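**Q** Given the coordinates of chain H, assemble chain D onto it according to the supplied hints.
So you can see what is in the structure, the chains are spelled out below.
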Amino acid sequence: MKGIRYGWILLIAVAFFTATICYPSISISADTIKIGVVGPRTGSAAATGTAFAEGIDLALDYINGKGGLLGKKVEVVFEDTGGVPEKGVAAVEKLVNRDKVPLVVGTSHSSVGIAISEQANRYKTPFIIAESWADEITSKNYKYIFRAGPCNTGVVSEIIKWLKAEGFKKASLVAENTDWGLGIKKLTVEALKEANIEFQTIDTERNSKDHYTELSKIMKYDPEIILAFVYGFGVHYFIAQANEVGLTPKAIIFEGAGPPSLWPQFWENVGDAGNLECFISSMHKSAQPNQVAKDYWDNYVKKFGKEPSDYKSRSIYRVLLIAFDAIEKANSLDGDKLVDALEKSNVTVPSGQVNFGTEKGSVWYHQFQPPMLIIQWQDRQQTVIFPENVATGKLIRE
Amino acid sequence: MNSLFFMYLTNGIVMGIIFALSALGVSLIVGIMNVINFAHGELYIFAGYISYILSVKLGISFYFAIPIAILTIFIIGILIEESLIKPTYGNDMYSLIITFILSIVLQNFALLVFGPFPNKPPNWISGATNMFGLFRYGNQRLVSCLAAIGIIIIVFLLIKKTWFGKTIRAVSQDRETASLMGIDTSKVNMLSFGLGCAIAGAAGVVLAPIFPVTPLAGVEISLIAFIILVIGGMGSLWGCIIGGLIIGIVQSFGAAYISSGYKDIFGFIILILVLFIRPSGLFGRKAL
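First to last, the protein sequences are chains H and D. Residues in the first sequence are numbered consecutively from 1, following my numbering. Residues in the second sequence are numbered consecutively from 399, following my numbering.
Extracted from the complex, chain H is given alone in its bound form (with noise of 0.2 Å):
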């Protein structure tokens, strides 16, 4: 029993160790303002996790660097959500009632974004959506739950502006078995038989690894471009996959989540695989729509010595930025206040000016749509293909 006391001690201490390393705690003082980020830093969309990180320690260097808000330092409260809608709840739960912070911002995960934005509202605590799509999130009109990031709605629309622009005839939609997979794949089959683009629709398990039996359906019905909607990893195994079974470059795979297209080991999985896929994304380098976006991207390289790359950073810079100015503007830390300085709000954030939408009915109450852009990889350079006015070159097909 002597070894067993050893073994279980090595483990504790072990376990200890890592989840201290892991997880570092943000000390807390009463001089400080509070503010409550959620968002996945571990799971299979931990890489979000690290980008926010990134964001929130750009935004962070920018209030304090200006002295902080309402007299006060501004500290983050950054809350693991997993990407698992129970885990995210249980952070808000935390953040509400034990940090006491006034509001919480961030997320990535539609189904996560759903159940905190439930949660958020019961407490009367605004709550600020970075990056969860389901247009669930804002079509419920909820007094304390604002977006400013992509609805589904919003995306879809652009991309089927492009589909047409391009001339694309039929299309193969993959979506994984998701909120946001599942309700985007909805919207965009409406949009497809509105746009009389010939298509096909196959759902994928959210963490397959394999996808042959998926990609040899698509071979079959040979399409011209590929509609990816899968997020996390399993997006690269797809389109590595879809160049050994011989799908691409015949036909573009468009991948509809964005950063796993840029995130670092994006070509190491893909290899020359990744050549002319196309994704969406709310940033680049060349389309910098103001001060702000250009502060943003010389701040991030100073940083972190390198030009940033998942545009989720920005995201929950973004929304960050807009949480400080609602708090400044309404001289208080009151839920109330907070979303009336929100729904006032006219900040200017590297995606452009905030307006949330006020009028209610629509996804687009308290909903703020970041332009989005779609970009092709040529020659492992990203070119931004679409819209006409910000892009860089064309579209590159076989």
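It is possible that some hints are incorrect.
Computed list of lysine-lysine pairs in DSSO-like fashion (alpha-carbon distance at most 30 Å, straight line) [what the hints assert, rightly or not]:
| id | chain 1 | residue 1 | chain 2 | residue 2 |
| --- | --- | --- | --- | --- |
| 1 | H | Lys-337 | H | Lys-100 |
| 2 | H | Lys-209 | D | Lys-455 |
| 3 | H | Lys-87 | H | Lys-209 |
| 4 | H | Lys-170 | H | Lys-140 |
| 5 | H | Lys-34 | H | Lys-124 |
| 6 | D | Lys-455 | H | Lys-302 |
| 7 | H | Lys-394 | H | Lys-161 |
| 8 | H | Lys-72 | H | Lys-124 |
| 9 | D | Lys-455 | H | Lys-303 |
| 10 | H | Lys-169 | H | Lys-250 |
| 11 | D | Lys-455 | H | Lys-285 |
| 12 | H | Lys-394 | H | Lys-285 |
| 13 | H | Lys-306 | D | Lys-455 |
| 14 | H | Lys-360 | H | Lys-140 |
| 15 | H | Lys-143 | H | Lys-100 |
Everything labelled a hint here was simulated from the structure, so no lab data went into it. All figures in this text were calculated on a predicted structure; none of them were measured in a lab.
**A** Frame of chain H; chain D shown alone:
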């Protein structure tokens, strides 16, 4: 019968062999030591990470990277057995809990050291092969499948044809009698655990070029391994092979003809059916 059918069948068999290799190490450890190693999947990913570091970061040829990775995992396995598993002998629950905690610790360690992104060693071979003029199939998958078959054969030969295999089987059948015959059962346990871990490592290095490793990739590997273990019968090596093939083929055809959106559920359906019909598994020994 069309080309799609043969494509689904081929992919099912290839995935099945890959699954079988992934489960073989767990089965060996259960069969000999009656220890369920929940950290099996994490040892798999660490082998993948080691081969990634050696081949990508240090530029070592995969011919050397692979044996180094497997040997490292073998040594780690022995260290785990000596420090964490050995003290738990006589109480299966302790070893189960301790390996479960170990798996969580290793996941977080991988996240800390390697980050959340997938890491992929380079392909051993590029391109794809036109299979009988019916469909194209990735060369790396075919080579990995052949490597998996090779490793499975080596493990079988080791267990069935060598002196070491005989001692392992003897301990597995009757530990006390084996001990009375002069076999050092502690050493057999240590080496068996190391061997089981090394097989997990071998699966990791063979599969990492196809399915890059992430800190949580081991969870799925462990899950499939345990499903195969139960379907095939606890500790049965042949059960592992048959169980792996069943899961691979059923998943492939299920995804093709029912829904690819719920691929993982087919394995569980087979598991439930087997538990209903033959609770000890297809090749498992019935309880006395």
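**Q** Now, for every hint given, state plainly whether the structure supports it.
**A** Each hint tested on the structure:
| no. | hint | in the structure |
| --- | --- | --- |
| 1 | H:Lys-337 x H:Lys-100 | holds, 16 Å |
| 2 | H:Lys-209 x D:Lys-455 | holds, 24 Å |
| 3 | H:Lys-87 x H:Lys-209 | holds, 24 Å |
| 4 | H:Lys-170 x H:Lys-140 | violated, 34 Å |
| 5 | H:Lys-34 x H:Lys-124 | holds, 17 Å |
| 6 | D:Lys-455 x H:Lys-302 | holds, 26 Å |
| 7 | H:Lys-394 x H:Lys-161 | holds, 15 Å |
| 8 | H:Lys-72 x H:Lys-124 | holds, 23 Å |
| 9 | D:Lys-455 x H:Lys-303 | holds, 25 Å |
| 10 | H:Lys-169 x H:Lys-250 | holds, 14 Å |
| 11 | D:Lys-455 x H:Lys-285 | holds, 29 Å |
| 12 | H:Lys-394 x H:Lys-285 | holds, 17 Å |
| 13 | H:Lys-306 x D:Lys-455 | holds, 19 Å |
| 14 | H:Lys-360 x H:Lys-140 | holds, 9 Å |
| 15 | H:Lys-143 x H:Lys-100 | holds, 20 Å |
This entry does not satisfy hint 4, going by the numbered hints stated previously; all others are met.
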